[in-house]
Amino acid sequence: MSKLIQVNGVVEIKDTESHDEFLDKFIEFVESNGWSFGGGTQDITDNEDEKLD
Numbered sequence: 000m001s002k003l004i005q006v007n008g009v010v011e012i013k014d015t016e017s018h019d020e021f022l023d024k025f026i027e028f029v030e031s032n033g034w035s036f037g038g039g040t041q042d043i044t045d046n047e048d049e050k051l052d
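Counting in numbering that gives the first Met the number 0, the sequence shown tops out at residue 52, every number present.
This list has only true hints and no planted wrong ones.
Under the rule of at most 20 Å between Cα atoms (straight-line distance), these lysine to aspartate or glutamate pairs were calculated in the EDC-like manner: (1) K24 - E11; (2) K13 - D42; (3) K13 - D23; (4) K24 - D14; (5) K13 - D45.
Each pair of labels, with its calculated beta carbon distance range: (6) N46 - M0: 31 to 39 Å; (7) D42 - M0: 34 to 42 Å; (8) T44 - K2: 30 to 38 Å; (9) Q41 - M0: 26 to 34 Å.
For the record, the hints were derived by calculation from the structure and aren't laboratory data.
Each residue gets a CB set at the ideal place from its N, CA and C atoms; glycine is no exception.
Required output: the full structure, derived from the provided sequences and hints.
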């Protein structure tokens, strides 16, 4: 039996890193723990409503 965990939030990365670089590192982290990820990601840099304080 497995557990499902929903993650809601924003990850702030260096402006020198791309969305693809983040995804590569994120998926590597997930898979290195024997997990899987189903969902989506979106670059919200220009979306003022979603920015971190």
